[in-house]
Amino acid sequence: MTPYYNPKIIEKKWQQIWEETGVYNAKSDCTNQKKYYCLIEFPYPSGQGLHVGHPRSNTALDIIARKRRMEGYNVLYPIGYDAFGLPTENYAIKNKIHPRIVTEQNIEKFRNQLKRLGFSFDYTREVNTTDPNYYKWTQWIFLQLYKNGLAYKSKMPINWCTSCKCGLANEEVVNGVCERCGGEVVQKTKEQWMLKITNYAQKLIDGLDTVDFIEKVKTQQINWIGRSEGAELSFNLKDKDYALNVFTTRPDTLFGVTYMVISPEHPLIDLFQEYISNIDDVRNYQEVSKRKSDFERTELVKEKTGLSLEGITAINPVNGKEVPIWVSDYVLMSYGTGAIMAVPAHDMRDYEFATKFNLPIVQVNTSGIIGNESTLNNKDVVIINSGFIDGLSIEDAKAKMIDWLEEKGIGRKKVNYKLRDWVFSRQRYWGEPIPIIHCPHCGQVPVDEKDLPVVLPDIENYEPTDSGESPLAKIDSWVNVKCPKCGEDAKRETDTMPQWAGSSWYFMRYCDPHNDKEFASQEALDYWMAVDWYNGGMEHTTLHLLYSRFWHLFLHDIGAISVPEPYLKRTSHGMILGSNGEKMSKSRGNVINPDDIVDEIGADAFRMYEMFMGAFDQAIPWSTNGAKGCKKFLDRVWRLQEMLSDEKGYSKALNPLLHSTIKKVGIDYENMKFNTAIAAMMSFVNEVYQVGTITKDELKTLLLLLYPVSPHIAEEMYERLGYEGGISLVAWPEYDESAMEKDEYEIAIQINGKVRGRMIIPSNMSKEEAEKELPLREEVIELLKGQKVIKAIFVPNRLINVIAK
RNA sequence: GCCGAAGUGAUGGAAUGGCAGACGUGAUGGAUUCAAAAUCCAUUGUUGGCAACAACGUGUGGGUUCAAGUCCCACCUUCGGCACCA
118 MTPYYNPKII
128 EKKWQQIWEE
138 TGVYNAKSDC
148 TNQKKYYCLI
158 EFPYPSGQGL
168 HVGHPRSNTA
178 LDIIARKRRM
188 EGYNVLYPIG
198 YDAFGLPTEN
208 YAIKNKIHPR
218 IVTEQNIEKF
228 RNQLKRLGFS
238 FDYTREVNTT
248 DPNYYKWTQW
258 IFLQLYKNGL
268 AYKSKMPINW
278 CTSCKCGLAN
288 EEVVNGVCER
298 CGGEVVQKTK
308 EQWMLKITNY
318 AQKLIDGLDT
328 VDFIEKVKTQ
338 QINWIGRSEG
348 AELSFNLKDK
358 DYALNVFTTR
368 PDTLFGVTYM
378 VISPEHPLID
388 LFQEYISNID
398 DVRNYQEVSK
408 RKSDFERTEL
418 VKEKTGLSLE
428 GITAINPVNG
438 KEVPIWVSDY
448 VLMSYGTGAI
458 MAVPAHDMRD
468 YEFATKFNLP
478 IVQVNTSGII
488 GNESTLNNKD
498 VVIINSGFID
508 GLSIEDAKAK
518 MIDWLEEKGI
528 GRKKVNYKLR
538 DWVFSRQRYW
548 GEPIPIIHCP
558 HCGQVPVDEK
568 DLPVVLPDIE
578 NYEPTDSGES
588 PLAKIDSWVN
598 VKCPKCGEDA
608 KRETDTMPQW
618 AGSSWYFMRY
628 CDPHNDKEFA
638 SQEALDYWMA
648 VDWYNGGMEH
658 TTLHLLYSRF
668 WHLFLHDIGA
678 ISVPEPYLKR
688 TSHGMILGSN
698 GEKMSKSRGN
708 VINPDDIVDE
718 IGADAFRMYE
728 MFMGAFDQAI
738 PWSTNGAKGC
748 KKFLDRVWRL
758 QEMLSDEKGY
768 SKALNPLLHS
778 TIKKVGIDYE
788 NMKFNTAIAA
798 MMSFVNEVYQ
808 VGTITKDELK
818 TLLLLLYPVS
828 PHIAEEMYER
838 LGYEGGISLV
848 AWPEYDESAM
858 EKDEYEIAIQ
868 INGKVRGRMI
878 IPSNMSKEEA
888 EKELPLREEV
898 IELLKGQKVI
908 KAIFVPNRLI
918 NVIAK
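Under the working numbering, the first residue of the first sequence is numbered 118, with each subsequent residue one higher.
Hints were generated in silico from the structure; no laboratory data involved. Among the hints, a few may not be true.
Calculated lysine-lysine pairs in the BS3-like style (CA-CA distance at most 25 Å, straight line) [unchecked claim]:
id, residue 1, residue 2
1, Lys320, Lys335
2, Lys270, Lys780
3, Lys780, Lys264
4, Lys780, Lys152
5, Lys765, Lys780
6, Lys700, Lys769
7, Lys335, Lys859
8, Lys686, Lys703
9, Lys333, Lys535
10, Lys253, Lys130
11, Lys305, Lys421
12, Lys769, Lys902
13, Lys270, Lys307
14, Lys307, Lys535
15, Lys232, Lys859
16, Lys270, Lys591
17, Lys438, Lys473
18, Lys152, Lys130
19, Lys226, Lys213
20, Lys226, Lys125
All values derive from a computational prediction rather than experimental measurement.
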């Protein structure tokens, strides 16, 4: 027998067997069997092929899926392709190939790469978001959102390249210029479809209490939604009939307002332009800020900019004082009301702004000018310089002020969310057409559900138009239709949906992927939903994960699905970095191609290395030597076949370690501590080499433990041991706690907390006994060197700490 | 600026408050071989010592504890994310 195995042969063999027998296909007619639904984020089939990051997530849940099958579950572990999107469209434009062809080629490549890695996906349930049979239902869900008032059109700024004359995604804007031509990018407003995710802000927060997501995902979603309680109130302009609304979380500081700030886009400027004496400067400032994205405004944190509106002031409703109004781009139109009341004494940003522009600062509580945040909870802090709320605590002052505002009709209590509505339009070709028809008589008319899908027409040229319309706008034969309501001439909506649309519900389609009557049958949804375990990247926490929860909650509300939350458990994997510790990227030249690694060491060793390289949730640099180490280990496992003894069952020498290995591997898999699970198997194999022999039953158990990580070699060796039927449905091994126990064990002797020696003690010793007797032992007395024992602390299985003087 | 994560040997990393460095990589020595590769066995935190052993050691400085990589306070550095969120 060769000292190593040939993965090329056995991996191909087992992949074929799995495909032919269909052992990994979820059973659809099996409602009396308990189910388990494992989900990974379906890949975007890019031209570069699979990245080493994909197998990290895929292998992790493959381990869970395989273990669950052994535990008797009917497992659904599906795969699909999220194939609409910008890179494919841009590639198509550049190379003059239809994006559909590019997508087909890329999917083909991805599927082959995934199959080579031996994932136990159910390939019969593959979905592809660009398939009209799939996006028919994406459009259908959009229509339901529309009919329930959650889709609407609104003027929104888009990135506009002044040289290409087209709209750009944020990603295509680099340092304020167009990525492709280097032309200047400005903000231009355009009518866009929006989805009212803000209606679900509270539900999206509340739902998190009912699911098992890792803590940092919950925290990030909650921070993103950004609920804050406060008050909305209005300041009247002096001598004008206009109320300037602001939101504040600190109504208790109203007496400390010394100026106000509005965003450069605020409508007040246009409304009162003839009263503003420095209007030219203001217009100028508006122009400059138009060139900045929100992100740039946030980057320019060091220097605050702005100017005052000369000729217009507001009146503070609590004390009738006149306050100046300033314009600055640190206030965003898209959050709150686009205007703030500034309290420089108690807000850091306002303080910086006031200091720079020499604005007055009035302290209104005893925490000091720019006091520590923690003083907010301090009961000693009281309100000062504030008339009728003087002497109150901050909490009490807030409540009293809100009551006062409501009584006077100036303001009211208000919960505000940072979350913004979802911009749902793209002026692009490669996306789902939005199923709306614009009729000159009837206005917006939804496409009749029986006419879905609205199929993307084949066209020659996917370039965006000069006017900023989608390329679809140029196809008259497609655009011009009859109005479904009145039958008159009308036009189709030419915007398409963003890539996020198809990925917001794909996990439901997997339940019943070939259904042409419904997006999935009620029966299939009732059986399979919710997803039991969803793993994906942290980068999707605030967009995809939130969007898909929103769609699911909505579908639940209209009765289309019975469970409210789509995912019961969410975990997240760490990024794989290049071997130099930097992010893998073409430009850095540190990209590892999975195909090369599989060619060299095989899929089993590659999968094992991806799980072994470090903690699953942390970023880890790649090391090809480390990967080879895993192949070396599998070769060591392979050679165990030469060490088989005739003994039945488990041998006395290996029994305790084998039981504790079964326990550790099982627990570690469940907690995604794959690295230590693999280390435990390595330790066991090292021990076998020390002992020199292994029984057939011991080797079989080891193979069952190894199978989820490295299934091909496990199946092959299992077969060679003489077993039939494959491992897939063999029960997960059990362990016996009592088998791990020993009669006596070794503990450390500590003198005053420092390890000074070791001794062997019987395992049945109680804590009291040990603490009384052990310090009298010869070994201990010798170490004490004449010191007097004061007390002793015994930790079973670990140590005795003798305190002495 | 804000939010999040992390700092442990040459290196990737282990460690329910309980013997720091499991397991892997690399390195060194030995066995095997004509030789190499592969394999097997052993050693491998630093310093001192022939040795038993001792001192030091988890980013820095304090603290709590019989006992701290782990808990608390203050700070430094690196990485990731961001919408100055009133």
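Practice task
Could you tell me which of the hints above the structure violates, numbers in ascending order?
Solution key: Of the numbered hints, 2, 3, 6, 7, 8, 10, 12, 15, 18 do not hold.
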